[in-house]
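**Q** Sequence:
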Amino acid sequence: MLVFIMLFACTFLIAQVNHWESIVREDDSWHYFPGFSAPPSDWKSTGFSEASWNQGPGGFGYGDGDDNTVIPPVTSLFIRRTFYIADISSIVSAVLDIDYDDGFVAYLNGTEIARANMEGTAPAYSATAEAQHEALLYQGGVPDRFMIPNNLLFDHLYPGQNVLAIQVHNINLSSSDLTIRPFFSVGINDGSFTYYSTPDWFTAPVDLASSELPIVVIETNGQQIVDDPDVLCEFGIIYNGPGAVNYLSDPKNEYDGYAKIELRGESSLFFEKKSYSVETSDASGADVDASFLNFPEEEDWVLYGPYSDKSLLRNVLIMKIGREMGRYNSRTRMCEVFLNGNYEGVYVLMEKIKRDENRVDIAKLKATDIEGEELTGGYLFRIDKGDLPGWSSNFGVVSAPWMPIRFQYRYPDPDSIQQEQEVYIQSYVDSFERAIAHTPTFINNYGYHYTHYIDLESFVDNFIVNEMTRNLDGYRLSTYFYKDKNSKIIAGPLWDFNISLGNGDYCNGDSYTGWMYEEYCGNGNPFWWKNMLTDSLFLKTLTCRWSELRETTLDEDNLLEFIDSMSLVLQQPAQRNFTRWPILGTYVWPNAWPYPETYVGEIDRLKWWLINRLIWMDNTINAIEADCESLIPTYTFSPSEAPSPLLIYPNPNQGRFILELNPGFQENGNTSLLVKDLTGRVVFEQSWMLPLPQSLILDMPDALSSGLYIIQVIQQQKVVQQGRMVVLP
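Numbering (my numbering), first residue to last: 1 to 729.
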């Protein structure tokens with residue numbers, strides 16, 4: 001669980017700790033009472049006589065094969081352990097590490113000190129857990145940790161005899177298992193050793209008195225955070241401004257309120273360090289827009305916890321690059337997080353991708369927008385794994401043509417999108433795919449080139465970032481698109497680059513050479529990119545854009561300076577993060593070898609890989625010939641200035657064709673005709689004085705090469721008709 005600590009209510013002091021010892025361990029002898037009936041009301045107090053209870057070694061339960069004392073299937077179990085404190089003055093802190101299935105409440109000398117997945121002040125023996133929670137130790141994991149607030153600890157821990165009492169509850173009586181395995185450990189302020197050694201998996205709580213990063217504090221009040229549904233929590237942020245130090249004892253001055261929180265991620269759900277979706281709310285759970293840390297006001301946020309990315313920086317770096325390229329990408333802020341009193345490490349607070357004037361700025365699509373101009377936008381959709389509502393393409397992925405590309409609706413959401421809107425966006429995407437599939441002309445059966453449907457420059461930018469980083473998820477996962485009213489499809493925003501920049505041991509993810517789009521990683525790459533790389537217009541646009549970016553956003557010094565500056569800021573937070581999660585020098589899926597043993601080593605490896613990748617990209621892209629001065633961007637007309645379609649036949653042709661002019665344009669002065677190639681270069685021009693016949697027969701110069709051309713009819717310096725023509729060899 002994740003906590004932004006509520007410091008006005010309690011404090012957690014560990015700075016004076018010399019070492020940690022366990023006072024109570026799971027395999028101690030406990031008294032226990034299966035909950036077939038209610039235990040005596042004073043069962044958790046120090047004065048209760050447990051002589052009539054059963055006795056046995058912990059842990060307790062059934063079904064998992066991890067229980068020292070097996071009990072019959074039951075809804076609840078009550079256990080007690082009496083222990084003794086020799087010198088309370090040497091104890092400065094305490095934690096309860098507890099492995100459980102499915103919910104529990106723990107008491108120290110009759111006072112509650114921790115709970116998870118249970119409602120009610122003193123849950124009845126017949127009560128069930130609110131949600132399922134699988135035990136972790138038998139799977140190779142570590143127990144959940146609960147810091148004991150010092151005000152509770154020192155008010156209720158006594159010299160001499162003490163009692164730790166716990167009630168554990170199942171999700172229901174028919175559940176296949178139940179587990180309770182507790183460990184109560186204390187921080188000692190001197191070198192004396194009195195109790196037990198801590199378990200092998202035990203890591204000392206991290207000492208965070210202050211940080212230069214914002215501190216996020218979350219308190220779930222005993223509720224377990226799951227991937228669905230969300231739970232209401234208290235949510236706060238401590239931030240004293242640029243250059244100032246933030247102390248855990250400071251008030252939550254940047255935000256102090258509530259939020260709904262749940263787990264997020266796919267593969268990352270299996271990491272010990274979790275990521276979270278957060279919706280700011282009021283105390284009742286109603287959504288509330290909030291602005292903090294210079295983010296524009298919104299309600300939907302992501303707390304991303306870098307784990308396999310041991311640089312902690314990959315997503316932050318890529319979001320910055322995307323924004324500097326002139327496109328919306330999530331704003332980010334590094335922070336340190338406390339969840340229910342436990343330090344959880346370095347996180348990235350990010351904007352969730354959604355339609356909003358400060359995020360993906362497209363028109364709101366109402367339920368009544370089912371025809372005409374209003375139907376044409378806005379749409380937000382993506383390619384990703386999973387079975388979320390959406391649609392399947394009529395085309396397959398590159399390496400498995402029988403496997404359709406799968407699109408998912410993001411806005412409007414599947415519950416509110418209208419049938420007419422589904423038909424429109426699906427048909428629009430299909431028209432694009434039919435055009436890009438029709439090589440070498442890239443014109444569909446409606447006579448439109450693929451650039452009629454997409455913003456070419458955004459697709460080039462998307463390609464550049466995915467290739468520069470060799471993003472293993474690129475093209476096939478977390479790949480977003482959006483379309484505004486009377487607009488083309490734009491590729492973006494960028495998302496999820498944690499297994500990029502050499503951080504992958506499959507699909508050649510660690511290689512700094514070769515095209516990523518050619519890997520067909522996971523059989524999921526759409527065929528578009530392969531076809532685009534055979535289109536001269538895409539190649540020229542790519543070459544010119546790469547050249548421009550290498551002088552600005554993707555300048556090597558610019559990139560390395562950012563990485564160095566961020567790693568300097570993270571020097572102390574990273575040390576705390578990897579104390580909490582001691583994974584440096586180890587393999588975490590899908591890390592590529594070698595595995596640096598220090599944070600500095602991780603940063604050096606990231607920079608080394610990036611430098612070599614830029615060299616390969618330069619050598620490969622700069623080999624493509626392009627006259628960037630003559631390359632003009634593809635242009636999208638506004639509705640008021642959009643030219644009328646120009647009928648050209650036969651089309652395709654071999655340079656001789658007929659134009660059908662619009663009669664409405666015949667009385668407006670001189671008329672010019674321009675024929676342009678896809679770089680915007682004029683290859684043929686002719687002018688006439690009016691009147692003109694409605695049909696014109698034209699012959700192109702013999703030197704005109706085969707390919708796609710744009711024909712424009714111009715009157716009074718305005719394009720009044722436009723069409724595309726294919727010239728055959």
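Please note that the accuracy of each hint is not assured.
Pairwise CB distance ranges, derived in the manner of DEER restraints [stated by the list, open to error]:
{"hint": "1", "residue 1": "G47", "residue 2": "V600", "range": "19 to 25 Å"}
{"hint": "2", "residue 1": "H438", "residue 2": "L568", "range": "29 to 35 Å"}
{"hint": "3", "residue 1": "G396", "residue 2": "L533", "range": "54 to 60 Å"}
{"hint": "4", "residue 1": "S284", "residue 2": "N150", "range": "46 to 52 Å"}
{"hint": "5", "residue 1": "D505", "residue 2": "E629", "range": "40 to 46 Å"}
{"hint": "6", "residue 1": "N189", "residue 2": "S416", "range": "37 to 43 Å"}
Cross-link-like lysine-lysine pairs, in silico, BS3-like; alpha carbons within 27 Å at most [to be verified]:
{"hint": "7", "residue 1": "K352", "residue 2": "K385"}
{"hint": "8", "residue 1": "K676", "residue 2": "K607"}
{"hint": "9", "residue 1": "K385", "residue 2": "K607"}
{"hint": "10", "residue 1": "K607", "residue 2": "K718"}
{"hint": "11", "residue 1": "K485", "residue 2": "K718"}
{"hint": "12", "residue 1": "K320", "residue 2": "K354"}
{"hint": "13", "residue 1": "K676", "residue 2": "K718"}
{"hint": "14", "residue 1": "K352", "residue 2": "K320"}
{"hint": "15", "residue 1": "K364", "residue 2": "K352"}
{"hint": "16", "residue 1": "K366", "residue 2": "K354"}
{"hint": "17", "residue 1": "K718", "residue 2": "K273"}
{"hint": "18", "residue 1": "K366", "residue 2": "K352"}
{"hint": "19", "residue 1": "K385", "residue 2": "K320"}
{"hint": "20", "residue 1": "K273", "residue 2": "K260"}
{"hint": "21", "residue 1": "K354", "residue 2": "K385"}
{"hint": "22", "residue 1": "K530", "residue 2": "K364"}
{"hint": "23", "residue 1": "K366", "residue 2": "K320"}
{"hint": "24", "residue 1": "K364", "residue 2": "K260"}
{"hint": "25", "residue 1": "K366", "residue 2": "K530"}
{"hint": "26", "residue 1": "K273", "residue 2": "K488"}
{"hint": "27", "residue 1": "K488", "residue 2": "K354"}
{"hint": "28", "residue 1": "K488", "residue 2": "K364"}
{"hint": "29", "residue 1": "K607", "residue 2": "K320"}
{"hint": "30", "residue 1": "K485", "residue 2": "K352"}
{"hint": "31", "residue 1": "K530", "residue 2": "K676"}
{"hint": "32", "residue 1": "K366", "residue 2": "K273"}
{"hint": "33", "residue 1": "K718", "residue 2": "K530"}
{"hint": "34", "residue 1": "K530", "residue 2": "K273"}
{"hint": "35", "residue 1": "K273", "residue 2": "K364"}
{"hint": "36", "residue 1": "K273", "residue 2": "K385"}
{"hint": "37", "residue 1": "K485", "residue 2": "K607"}
{"hint": "38", "residue 1": "K352", "residue 2": "K488"}
{"hint": "39", "residue 1": "K607", "residue 2": "K488"}
{"hint": "40", "residue 1": "K320", "residue 2": "K273"}
These are calculated hints, taken from the structure and not from any lab test. These numbers were taken from a predicted model, which means no experiment stands behind them. For glycine and all other residues, C-beta sits at the position ideal for the given N, C-alpha and C.
**Q** Does each hint hold? Answer for all of them.
**A** Structure-based check of each hint:
{"no.": "1", "hint": "G47 x V600: 19 to 25 Å", "verdict": "violated (56 Å)"}
{"no.": "2", "hint": "H438 x L568: 29 to 35 Å", "verdict": "violated (52 Å)"}
{"no.": "3", "hint": "G396 x L533: 54 to 60 Å", "verdict": "violated (18 Å)"}
{"no.": "4", "hint": "S284 x N150: 46 to 52 Å", "verdict": "violated (31 Å)"}
{"no.": "5", "hint": "D505 x E629: 40 to 46 Å", "verdict": "holds (43 Å)"}
{"no.": "6", "hint": "N189 x S416: 37 to 43 Å", "verdict": "violated (59 Å)"}
{"no.": "7", "hint": "K352 x K385", "verdict": "holds (18 Å)"}
{"no.": "8", "hint": "K676 x K607", "verdict": "violated (43 Å)"}
{"no.": "9", "hint": "K385 x K607", "verdict": "violated (30 Å)"}
{"no.": "10", "hint": "K607 x K718", "verdict": "violated (50 Å)"}
{"no.": "11", "hint": "K485 x K718", "verdict": "holds (23 Å)"}
{"no.": "12", "hint": "K320 x K354", "verdict": "holds (18 Å)"}
{"no.": "13", "hint": "K676 x K718", "verdict": "holds (16 Å)"}
{"no.": "14", "hint": "K352 x K320", "verdict": "holds (15 Å)"}
{"no.": "15", "hint": "K364 x K352", "verdict": "holds (17 Å)"}
{"no.": "16", "hint": "K366 x K354", "verdict": "holds (16 Å)"}
{"no.": "17", "hint": "K718 x K273", "verdict": "violated (59 Å)"}
{"no.": "18", "hint": "K366 x K352", "verdict": "holds (21 Å)"}
{"no.": "19", "hint": "K385 x K320", "verdict": "holds (25 Å)"}
{"no.": "20", "hint": "K273 x K260", "verdict": "holds (19 Å)"}
{"no.": "21", "hint": "K354 x K385", "verdict": "holds (18 Å)"}
{"no.": "22", "hint": "K530 x K364", "verdict": "violated (33 Å)"}
{"no.": "23", "hint": "K366 x K320", "verdict": "violated (32 Å)"}
{"no.": "24", "hint": "K364 x K260", "verdict": "holds (25 Å)"}
{"no.": "25", "hint": "K366 x K530", "verdict": "violated (36 Å)"}
{"no.": "26", "hint": "K273 x K488", "verdict": "violated (39 Å)"}
{"no.": "27", "hint": "K488 x K354", "verdict": "holds (18 Å)"}
{"no.": "28", "hint": "K488 x K364", "verdict": "holds (16 Å)"}
{"no.": "29", "hint": "K607 x K320", "verdict": "holds (16 Å)"}
{"no.": "30", "hint": "K485 x K352", "verdict": "holds (22 Å)"}
{"no.": "31", "hint": "K530 x K676", "verdict": "holds (25 Å)"}
{"no.": "32", "hint": "K366 x K273", "verdict": "violated (39 Å)"}
{"no.": "33", "hint": "K718 x K530", "verdict": "violated (36 Å)"}
{"no.": "34", "hint": "K530 x K273", "verdict": "violated (37 Å)"}
{"no.": "35", "hint": "K273 x K364", "verdict": "violated (36 Å)"}
{"no.": "36", "hint": "K273 x K385", "verdict": "holds (22 Å)"}
{"no.": "37", "hint": "K485 x K607", "verdict": "violated (41 Å)"}
{"no.": "38", "hint": "K352 x K488", "verdict": "holds (23 Å)"}
{"no.": "39", "hint": "K607 x K488", "verdict": "violated (36 Å)"}
{"no.": "40", "hint": "K320 x K273", "verdict": "holds (24 Å)"}
The structure is inconsistent with the numbered hints 1, 2, 3, 4, 6, 8, 9, 10, 17, 22, 23, 25, 26, 32, 33, 34, 35, 37 and 39, although it conforms to all the rest.
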